[in-house]
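Protein chains: 2
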Amino acid sequence: MRISQVGEFGLIQILKGILSSPVIGDDTAPVHLNDKTLLLTTDSMLEDRHFKRFYPPQAVGWKAISVNVSDVVASGGNPLWVLISLALPDLEVSYVESLYEGIKTACDFYNCHVVGGNLTKSDRIMIDVFMIGKAERFVSRSGAKPGDKLYVSGTLGDSKAGLELLLMERRQYEEFELKLIERHTRPTARIDYTRHISKYANACIDISDGLSSDVWHISRMSNVKININSKDIPISQELRLFCNKHGKDPLDYALSGGEDYQLLFTHPEDRYNPFLDMRSIGSVEEGYGVYLDGRELSPSGFDHFKLA
Amino acid sequence: MRISQVGEFGLIQILKGILSSPVIGDDTAPVHLNDKTLLLTTDSMLEDRHFKRFYPPQAVGWKAISVNVSDVVASGGNPLWVLISLALPDLEVSYVESLYEGIKTACDFYNCHVVGGNLTKSDRIMIDVFMIGKAERFVSRSGAKPGDKLYVSGTLGDSKAGLELLLMERRQYEEFELKLIERHTRPTARIDYTRHISKYANACIDISDGLSSDVWHISRMSNVKININSKDIPISQELRLFCNKHGKDPLDYALSGGEDYQLLFTHPEDRYNPFLDMRSIGSVEEGYGVYLDGRELSPSGFDHFKLA
Numbered sequence: 001m002r003i004s005q006v007g008e009f010g011l012i013q014i015l016k017g018i019l020s021s022p023v024i025g026d027d028t029a030p031v032h033l034n035d036k037t038l039l040l041t042t043d044s045m046l047e048d049r050h051f052k053r054f055y056p057p058q059a060v061g062w063k064a065i066s067v068n069v070s071d072v073v074a075s076g077g078n079p080l081w082v083l084i085s086l087a088l089p090d091l092e093v094s095y096v097e098s099l100y101e102g103i104k105t106a107c108d109f110y111n112c113h114v115v116g117g118n119l120t121k122s123d124r125i126m127i128d129v130f131m132i133g134k135a136e137r138f139v140s141r142s143g144a145k146p147g148d149k150l151y152v153s154g155t156l157g158d159s160k161a162g163l164e165l166l167l168m169e170r171r172q173y174e175e176f177e178l179k180l181i182e183r184h185t186r187p188t189a190r191i192d193y194t195r196h197i198s199k200y201a202n203a204c205i206d207i208s209d210g211l212s213s214d215v216w217h218i219s220r221m222s223n224v225k226i227n228i229n230s231k232d233i234p235i236s237q238e239l240r241l242f243c244n245k246h247g248k249d250p251l252d253y254a255l256s257g258g259e260d261y262q263l264l265f266t267h268p269e270d271r272y273n274p275f276l277d278m279r280s281i282g283s284v285e286e287g288y289g290v291y292l293d294g295r296e297l298s299p300s301g302f303d304h305f306k307l308a
Numbered sequence: 001m002r003i004s005q006v007g008e009f010g011l012i013q014i015l016k017g018i019l020s021s022p023v024i025g026d027d028t029a030p031v032h033l034n035d036k037t038l039l040l041t042t043d044s045m046l047e048d049r050h051f052k053r054f055y056p057p058q059a060v061g062w063k064a065i066s067v068n069v070s071d072v073v074a075s076g077g078n079p080l081w082v083l084i085s086l087a088l089p090d091l092e093v094s095y096v097e098s099l100y101e102g103i104k105t106a107c108d109f110y111n112c113h114v115v116g117g118n119l120t121k122s123d124r125i126m127i128d129v130f131m132i133g134k135a136e137r138f139v140s141r142s143g144a145k146p147g148d149k150l151y152v153s154g155t156l157g158d159s160k161a162g163l164e165l166l167l168m169e170r171r172q173y174e175e176f177e178l179k180l181i182e183r184h185t186r187p188t189a190r191i192d193y194t195r196h197i198s199k200y201a202n203a204c205i206d207i208s209d210g211l212s213s214d215v216w217h218i219s220r221m222s223n224v225k226i227n228i229n230s231k232d233i234p235i236s237q238e239l240r241l242f243c244n245k246h247g248k249d250p251l252d253y254a255l256s257g258g259e260d261y262q263l264l265f266t267h268p269e270d271r272y273n274p275f276l277d278m279r280s281i282g283s284v285e286e287g288y289g290v291y292l293d294g295r296e297l298s299p300s301g302f303d304h305f306k307l308a
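Which chain is which? The protein sequence lines are A and B, in order.
So for the first sequence, UniProt numbering puts the first residue at 1; every next one is plus one.
So for the second sequence, UniProt numbering puts the first residue at 1; every next one is plus one.
Treat the hints with caution; some may be incorrect.
One copy or two, either will do: identical chains are not told apart, so a pair holds if it fits within one copy or between any two.
Calculated pairs, DSSO-like style, for lysine-lysine (alpha carbon to alpha carbon, straight line, at most 27 Å) [to be verified]:
#1 Lys-16 to Lys-199
#2 Lys-52 to Lys-149
#3 Lys-16 to Lys-121
#4 Lys-52 to Lys-16
#5 Lys-248 to Lys-231
#6 Lys-36 to Lys-134
#7 Lys-121 to Lys-231
#8 Lys-245 to Lys-145
#9 Lys-16 to Lys-245
No wet-lab data here; the hints were simulated from the structure.
Since the model is a prediction, treat every value here as computed from it, not as a measurement.
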């Protein structure tokens, strides 16, 4: 049997069995050292899979850090230390310098530090980032409670539209198009939510594979039923313009577009914070499954292996 | 200017400058959390660069963990937690299971735990291991003192001979040849030395690139002169047999053969421990450079980029 037959999530289940490890399967792995909770996570960016050589290397470096910070924030923490494992072809040194400038800018922004790493030669660029964060309280995917509301930060679907625009490789883009491209190439992890998530969220995940896929992780791991109202899903003005122009449905982008790196979380309604760009898009009940406007939602997000 | 022109170590210097990080350049990065010292390290195994697809996957998994433990031990610590970032083609699931069985066996042996990881699809197998260890005292490459003796654990050069034998892809191997192959494919990190290194070593490095290259790191970073006596360098019986058979000089293998994962360390002579397989191969003086039998030793180890 090949990996493509069991898929990414099937393979993870098999490997969990071999390791007999209960903790694997959250945004970060919490470990305890005396009275501290450290959050460990890793995420990689592979050339031709997550980015192209023609992307600005500063943006690639920024994103490599941001996607890891996003996992730390979703677990209720702040990033502390970073190791970078780079696999590189024989590139121009200036490319690697720009990549590292992006990494450094991101680390300064998120207030964490690259403390080490490793270099290997390879055919394609691969940036493996390992990050250690610290949390006052670890927030998992499995704590959603019946009665909670479901919230999302920011707007959804922008990154997918930005990717499609980028791959057109046009000479000229309109201003709203450049904003969408920027949301794909330079996403900002929602570190402004760490305090809110850490204090109030019962469950949280960052939206990396797409809302329709990631909401299932909360539903399954929390053993709850989740209802989503499509009219409440936040769509940006830029995505609306894009969809009008290309005859697309913004809801499709919001549901299945990955790499938005927004946060999806649940807590009681009275914890709503009007100073954050959070929006209630649904509710948590006893039961099983995810429903959109009353109909079961199929998890249509991205499986690296199954779609390959 | 391309990476091949500045080399691996040149590139590391450039990247250190961008990050303005003083700690990069040791076996592990020490970070402090309250009164604890954590050691962070990462090392990767890339198909066709560090191993071939025909190698037993259990051995590949074992080695991926061992090379990281070796760095932690060289810093005077014990491993605690592991994250694994896997980049995989669409392989047989059984291959990945065997790889993880090797990882699990190694983690059980070294008493550490895989707590998480990441999966990405790629053309070649890449195993990026991220390890966190703990040390009572961080031992760096930079603490060697004039008056110290230079010690090495185990025997040197076996791994390179094992690699050459393996690449012959013969049907039959003699028993001593199988032992050399085993030292290449399943090296054991010297975790039995953690206590000794942590208590007594002034400087330590694990021999991954080769003695002649790695000893220079201690010399440069400690600002000392190091003298090595070639007749004291420990050579295994198996390597002698191999060299006799193939008309090679075992000293060449011991000096420039990498991946032995033995420890090279310095401390005063009265800290010698006869219960360990340690051997004094030289001495530390005031001055600069590394000398073998009185002649300057050129750092002939492995540079991933310059040799490419």
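Going down the list of hints, with the structure as the test:
no. : hint               : in the structure
1   : Lys-16 to Lys-199  : neither (30 Å within a copy, 37 Å between copies)
2   : Lys-52 to Lys-149  : neither (38 Å within a copy, 51 Å between copies)
3   : Lys-16 to Lys-121  : between (30 Å within a copy, 18 Å between copies)
4   : Lys-52 to Lys-16   : between (32 Å within a copy, 25 Å between copies)
5   : Lys-248 to Lys-231 : within (16 Å within a copy, 76 Å between copies)
6   : Lys-36 to Lys-134  : both (8 Å within a copy, 14 Å between copies)
7   : Lys-121 to Lys-231 : neither (49 Å within a copy, 35 Å between copies)
8   : Lys-245 to Lys-145 : neither (41 Å within a copy, 71 Å between copies)
9   : Lys-16 to Lys-245  : neither (45 Å within a copy, 46 Å between copies)
Comparing the model with each earlier hint shows violations of hints 1, 2, 7, 8 and 9; every other hint is respected.
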